[in-house]
Each structure stands twice: as structure tokens, then as C-alpha cells.
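Novice: As given, the protein sequences belong to chains A and B, one line each in that order.
Heads up: the first sequence is residues 4 to 114, going by my numbering.
Heads up: the second sequence is residues 4 to 140, going by my numbering.
Calculated directly from the structure, the hints in this document are not laboratory data.
For clarity, every value in this text was computed on a predicted model and none was experimentally measured.
Hints are supplied without guarantee of correctness; some may be wrong.
Keeping only pairs whose Cα atoms sit at most 20 Å apart, straight-line, the calculated SDA-like set for lysine to any residue is [said to hold, decoys possible]: (1) K40(B) to I28(A); (2) K40(B) to Y32(A); (3) K30(B) to L65(A); (4) K37(B) to N43(A); (5) K59(B) to K27(B); (6) K37(B) to H56(A); (7) K37(B) to S64(A); (8) K27(B) to R45(A); (9) K30(B) to G47(A); (10) K99(B) to H56(A).
Covered stretches of chain A, going by a simulated chain B footprint (3 or more residues, C-beta under 8 Å) [stated by the list, open to error]: (11) 39-49; (12) 62-72; (13) 91-97.
To give a feel for the contact side, a few chain B residues facing chain A, derived at Cβ under 8 Å [stated by the list, open to error]: (14) T16; (15) K26; (16) V28; (17) F105; (18) N113.
Note that beta-carbon positions come from the ideal geometry of N, C-alpha and C, so glycine has one too.
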Amino acid sequence: MKVSELVEKLGLTVYSGRKGLDREITGGYVSDLLSDVMGNAREGEVWITLQVHQNVMAIASLKDLVAVVLVNNLEPPESTVRHSNEENIPLLGANFSTFEIAGKIYQILNP
Amino acid sequence: MKLTYNIQGGDFTHAGHPSSEVKKVLKQLGIEGKTIKNIVIALYEAEVNVVAHAWKGVVDVEIDENKITVLVNDEGPGIPDIDLAMQAGYSTASDKVREMGFGAGMGLPNIKKNTDELLIETEIGKGTKVKMVNYFS
Ligand SMILES: Nc1ncnc2c1ncn2[C@@H]1O[C@H](COP(=O)(O)OP(=O)(O)OP(=O)(O)O)[C@@H](O)[C@H]1O
Ligand SMILES: [Mg+2]
Numbered sequence: 004m005k006v007s008e009l010v011e012k013l014g015l016t017v018y019s020g021r022k023g024l025d026r027e028i029t030g031g032y033v034s035d036l037l038s039d040v041m042g043n044a045r046e047g048e049v050w051i052t053l054q055v056h057q058n059v060m061a062i063a064s065l066k067d068l069v070a071v072v073l074v075n076n077l078e079p080p081e082s083t084v085r086h087s088n089e090e091n092i093p094l095l096g097a098n099f100s101t102f103e104i105a106g107k108i109y110q111i112l113n114p
Numbered sequence: 004m005k006l007t008y009n010i011q012g013g014d015f016t017h018a019g020h021p022s023s024e025v026k027k028v029l030k031q032l033g034i035e036g037k038t039i040k041n042i043v044i045a046l047y048e049a050e051v052n053v054v055a056h057a058w059k060g061v062v063d064v065e066i067d068e069n070k071i072t073v074l075v076n077d078e079g080p081g082i083p084d085i086d087l088a089m090q091a092g093y094s095t096a097s098d099k100v101r102e103m104g105f106g107a108g109m110g111l112p113n114i115k116k117n118t119d120e121l122l123i124e125t126e127i128g129k130g131t132k133v134k135m136v137n138y139f140s
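For reference, chain B alone in the conformation it holds in the complex (with noise of 0.2 Å):
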């Protein structure tokens, strides 16, 4: 099964919405709770990043017998020094995103926790790439 979302740059009011609707779909499916609950937390997160930093970005989710692969690809400034975004704490988020309550460098690393496996790519100035694959049990 496969499923495309779009992403608006700075577009707060929508953030949430893949999210929501593959959890519905993976609920459907019969998914373990603990699995979807790991996944939901990796694509929000990444998600809410490509609304916080980038310009605009899609979703695309595979869902196959014994896998879920998501990929959010970004257009936007890239991600200058991975391992330093990847460390707890670290945020570059503008003071109206914290105003909010995002930006305490916990996106990343909630993400690297709760998938099975990741992967990131990125170019300064074209956009990012993130890779994100949870097994079911």
C-alpha cells in the first residue's frame, strides 16, 4: 500500500495530518499498538521539521507485509552537520517556533529512538531526505 502527503513550509495548522491518517490506516491494518505508536512519534517529528525548517516537502509511506518504510522529503536549507542536529538540545528554531513550544532539539532524537532503522541525506541549499523504516512484530 502506498500513500502520498504534502507539506507547507511554516504551515503550523496542518502539521499532524500524515501522521493522523497512517495511524488510522495502520490501525486498520491491525498493526501492534507499540509499533504504531513508534512510528507516529518518528513522522510527526518529521513532519513538524519540514514545516519548522524547510520550504515544503511530501510524504511518502510503503506499507508492506512485515514493514513500513516512510520517506519525508524536503525542499530547504539542508542540514549543515547532521551529527550536531542529531544530539539532544540542539535546535536552530526561530523564536516564533519556540514561542510554541517546538524547538528543544528533541525531534531528532525522538526519531532515532523510535525507528528501526534511519537514514538521512541532505544538501545545503537543495533540501533533505529522511529514511525511515519500523519492522512489524
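One chain only, chain A, in its complex shape (with noise of 0.2 Å):
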């Protein structure tokens, strides 16, 4: 599946990162402690995530994820927009908690 896709089927909004909409999605992982992301996450992965600051970014860029979920309709600031536009990472906003879109996705992923 990828990114597009997901964005589609949920009516994610795509705050940034556009140019990252065609990649395969291999998974997902929650959490909202960044070592843990770090030390876990994997390649392909979406990173659904409660943490706004570009930090984010850095790390999803560095563990080669797809593309970053922000929960509960939380909005980006100028900064880390700017830095998922650099990484060609799309950035995107649900309009749902943690734990309805991680279900959401869960289920697409794994029909």
C-alpha cells in the first residue's frame, strides 16, 4: 500500500512532504518516546505519534520511515513542515487518537 493510499481510504490531511506520497508502506509503529522509536521502529514503517517538533523529522528521516501520522488533529509547526518537505517525508494529521488510527491502519495493513 502506499502512503497515498492510506491518506485516501482515512482522509488524513497532508500537511507536507508530498513529494513522499508514492512510497511503500511495510508497517507501522506508535509511541511517542523518541529512543524508543530510535532503538524499534523499522524501515518502511509509518510512525503514528503525538510529538510535533522537528525532532521527528530528523528521525524519521534517519530510520527511513514512510511517512509520520500526528493524532487527535495536532497540527505541525513552520519548523518541522520545513524539515519534512527537505526529507521529501510526508507529514500527516488524523483526526482520530492513538489508539483508533493505529486500529485504522492495523486493519488496512493487514486485511
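The two chains are supplied separately, each in an independent frame; assemble them into the complex guided by the hints.
Specialist: Written out as C-alpha cells, the structure reads:
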């Protein structure tokens, strides 16, 4: 499944990083602890989080993640948007809680 | 090949820059993906520890035929009890740092897990030296 298909299916907001929308998703990781993501997330995953600062994009890039999904309608600051565009990693917004969005994405990826 | 980067304590905006640069260089050299991933995790955590816990630091990277050696030397408060600091979940991070999602006490365990050799030397009130070695397969 491509990031763009996930966006469409769940009505996610695309804040930035549109050039990465064609990338293929291999799975997902849910965490708000950055060292947890650093240690345990895997290449190709989407990262669901409530952290909105730009270090999130630095980590997504270092870990070769394909998208970051912000929960609860959280909006990213300008610095995070800029970083997402530089790295071509989509920064998405969901009008769902972490529990809900993780469940929905899990279901879509594991039909 | 030798690479050097400076790190400023408290400067979270540039955290990850050395890791990102080293990752690019290792990719260009054709180093195996798994090894690059391990090095990136370890270096990032060492970098962020300087930003979060110390005053300033220097990253020195040396890439040889069969291995990469990364030294992260900081001027900072030092680590009073290294065994305790190595334990998963142990953290003295400030509230501000924790709010950002750092301070889970997972950085040093991540470094241990992702390096072939790890040596930490520290002096209270002076600073900390972290030496990490990864061998290429
Ligand atoms: N360079 C350093 N200088 C001084 N103290 C350090 C340094 N690195 C680590 N420490 C101490 O060791 C503790 C554990 O470090 P570790 O990286 O495992 O966790 P953390 O940095 O607190 O949180 P996390 O890495 O999960 O964001 C730190 O909270 C700090 O007290
Ligand atoms: Mg740490």
C-alpha cells in the first residue's frame, strides 16, 4: 500500500512532504518516546505520534520511515513542515486518537 | 577517512545532523544496510545525550577498511554511576526534555545493543567520552 492510498482511505490531512506520497508502507509503529522509535521502528513504517517538533522528522529520516501521522488533529509547527519537505517524508494529520488511528491503519495493512 | 562535527548542548534543532551526514557517507561507500542502521542509532543517541545532558561536544568519526570508530567527547557534568545510567529506564532528563519525548532512559541501552564495542569514560564536572566501534561484514 502506498502512503497516498492510506491518506485517501482515512481522509488524512497532508501537511507536507508530498514528494514521498508514492512510497510503499511496510508497517507501522506507535510511540511518543523518541529513543523507542530510534531503537525499534523499522524501515518503511509509518510512525503514529503526538510529538510535533522537528526532531520527529530527523528521526523519521534517519530510520527511513515513510510517513509521520500526527494524532488528535495536532498541527505541526513551521519548522517541522520545512523539515518534512526537505526530507520528502509526508507529515500527515488524523482526526482520530492514537488508539483509533493505529487500529484503522493496522486493519488496512492486514486485511 | 575522518569526519568531525560539533554539538552544542541544548540545541535540539540541529540534533541528528552528524548522524545524517555519516549515514550518507556510509551509503556512498556501499556499507551493508544493517550495519549503517546500527551505527545511525548509536550515533544519534550519543549525540542527543550531549544535547540533553552536557554543555558541548565533538564527534570524531574514523572510517577504515573494516570498521568505523566513533568518538563522542563532551564537556559536561559527567555520569556519576555508569552502570546505573546503562539501565533501561534510568534517566535524569529535565521536564522540558521529557516533554519532547526524550528521557525514556533508552539511549545508552540502544547504543550498547547497536555497537560491537562500547567504552564510556567519564569525569564528574568535566565530561564524558563515548567510544563506539562497528565492524563491517
Ligand atoms: N553525555 C552525558 N553526559 C552526562 N550525563 C549523561 C550523558 N549521557 C547519559 N547521561 C546520563 O545517563 C542517563 C541515561 O542516559 P540514556 O541515554 O540511556 O537516557 P536519557 O538520555 O535520559 O533518555 P533517552 O535516551 O531515552 O532519550 C541520562 O539521563 C543522564 O543522567
Ligand atoms: Mg539519551
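Novice: Checking against the hints above, which ones are violated?
Specialist: When the structure is compared with the hints, numbers 5, 6, 13 and 16 turn out to be violated.
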